[in-house]
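Colleague: Sequence:
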Amino acid sequence: MTPTSAIPDAALRLLVEQGFDATSVDQLAAAAGMSRSTFFRRFGSKEDMVFADMEAIMDTVRRVLERGRRDPPGAVVDAALAVFDHHTARPDASLLRHRLLQEVLALRDRELVSTHRYEDAFRRGLDAAFGPRAADGDGGARIASVAFAAAVVAVHNAYLRSWLRSPADSIRAELAAELRALAHLFAPRFGGPAGRPGARGVEGDGAADGLAPDPGADGPRGRRPDVVVAVLDPSAGTEAVLAAVRGALEHR
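Its first residue numbered 1, the sequence shown is counted upward by one per residue in the UniProt record's numbering.
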């Protein structure tokens, strides 16, 4: 789990109850039990305070991706679950921040930047694990990394929104199952001669031979895998994302 963030619940609650623009730094510092100078040293600004845990989460994501080099898609799933665990570890703080994001446009914009950072970290983790094939122009591997990273973020965010509407312990297990199913769908795109034969595979998918597919599964030896891209509205739910990916794979 990501280390507990220093964001004080009392300060977040004050922003929600009193209004973001109407709340001064002095008031936030008092609510957090610190001086004005300490507040600025620790957070920098009101907006930075709301996202003070971002760097800690990103550090956790990078560590998880680095540890999972033998199974890159599985490592992305684990990293996404670590992000979910961080947000759900402190329900009050997460719910308060969610309310702020609904009310303050500038904070919603900042949250969008955070989402892109996760997506970029997942893509970079995949590219690094698959090496020259992704970095030096293999379009299939490169596009697969982009598509998988975006799909994981979309599914994660859909389940996190569901949890924010109605927190339930079962949501984490449902998210894990959906992400592993998504990784299973993408596994052939990351296989082949330049893949990672012998990787442990996607947990729970029943695969015994890791991410390396049947050599004949994609046609003649040496054929570059097809590229599958599904384009959806950013607000699409989990089922819509998975249905689009399944449909694209079935009709490629």
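Quick caveat, the hints were computed from the structure, so don't treat them as lab data. Predicted model only: the values in this text are computed from it and were never measured. We put the beta carbon where it would ideally sit given N, CA and C, even for glycine. Treat the hints with care, as some may be off.
[To be verified] Here are the simulated lysine to any residue pairs, SDA-like style, with alpha carbons at most 25 Å apart:
#  : residue 1 : residue 2
1  : Lys46     : Thr115
2  : Lys46     : Arg67
3  : Lys46     : Asp21
4  : Lys46     : Leu112
5  : Lys46     : Ala22
6  : Lys46     : Val64
7  : Lys46     : Asp26
8  : Lys46     : Leu107
9  : Lys46     : Arg63
10 : Lys46     : Asp78
11 : Lys46     : Leu95
12 : Lys46     : Arg108
13 : Lys46     : Gly19
[As the list claims (entries may be wrong)] Okay, the calculated beta carbon distance ranges per label pair:
#  : residue 1 : residue 2 : range
14 : Arg110    : Ser35     : 44 to 52 Å
15 : Pro91     : Thr115    : 33 to 41 Å
16 : Val25     : Ile143    : 20 to 28 Å
17 : Arg63     : Ala30     : 34 to 42 Å
18 : Arg90     : Arg110    : 16 to 24 Å
19 : Leu112    : Val25     : 19 to 27 Å
Colleague: For each hint, tell me whether it holds in the structure or not.
Modeller: Hints and how they fare:
1. Lys46 to Thr115: Measuring from Cα to Cα gives roughly 20 Å; hence the hint holds.
2. Lys46 to Arg67: Violated: lysine 46 and arginine 67 sit about 34 Å apart, past 25 Å.
3. Lys46 to Asp21: Satisfied, since the Cα-Cα distance of roughly 9 Å is no more than 25 Å.
4. Lys46 to Leu112: holds, 17 Å
5. Lys46 to Ala22: holds, 11 Å
6. Lys46 to Val64: With Cα atoms ~30 Å apart, lysine 46 and valine 64 exceed 25 Å; violated.
7. Lys46 to Asp26: OK: lysine 46 and aspartate 26 at ~10 Å, within 25 Å.
8. Lys46 to Leu107: holds, 10 Å
9. Lys46 to Arg63: violated, 28 Å
10. Lys46 to Asp78: Judged against 25 Å, a Cα distance of about 31 Å means the pair is violated.
11. Lys46 to Leu95: Measuring from Cα to Cα gives roughly 17 Å; hence the hint holds.
12. Lys46 to Arg108: holds, 14 Å
13. Lys46 to Gly19: holds, 12 Å
14. Arg110 to Ser35: 44 to 52 Å: violated, 25 Å
15. Pro91 to Thr115: 33 to 41 Å: Cβ of proline 91 to Cβ of threonine 115: about 20 Å, so the range 33 to 41 Å is violated.
16. Val25 to Ile143: 20 to 28 Å: With Cβ atoms ~45 Å apart, the hint is violated.
17. Arg63 to Ala30: 34 to 42 Å: The hinted range 34 to 42 Å holds for arginine 63 and alanine 30, with Cβ atoms some 35 Å apart.
18. Arg90 to Arg110: 16 to 24 Å: With Cβ atoms ~19 Å apart, the hint holds.
19. Leu112 to Val25: 19 to 27 Å: holds, 24 Å
In summary, the numbered hints that this structure violates are 2, 6, 9, 10, 14, 15, 16.
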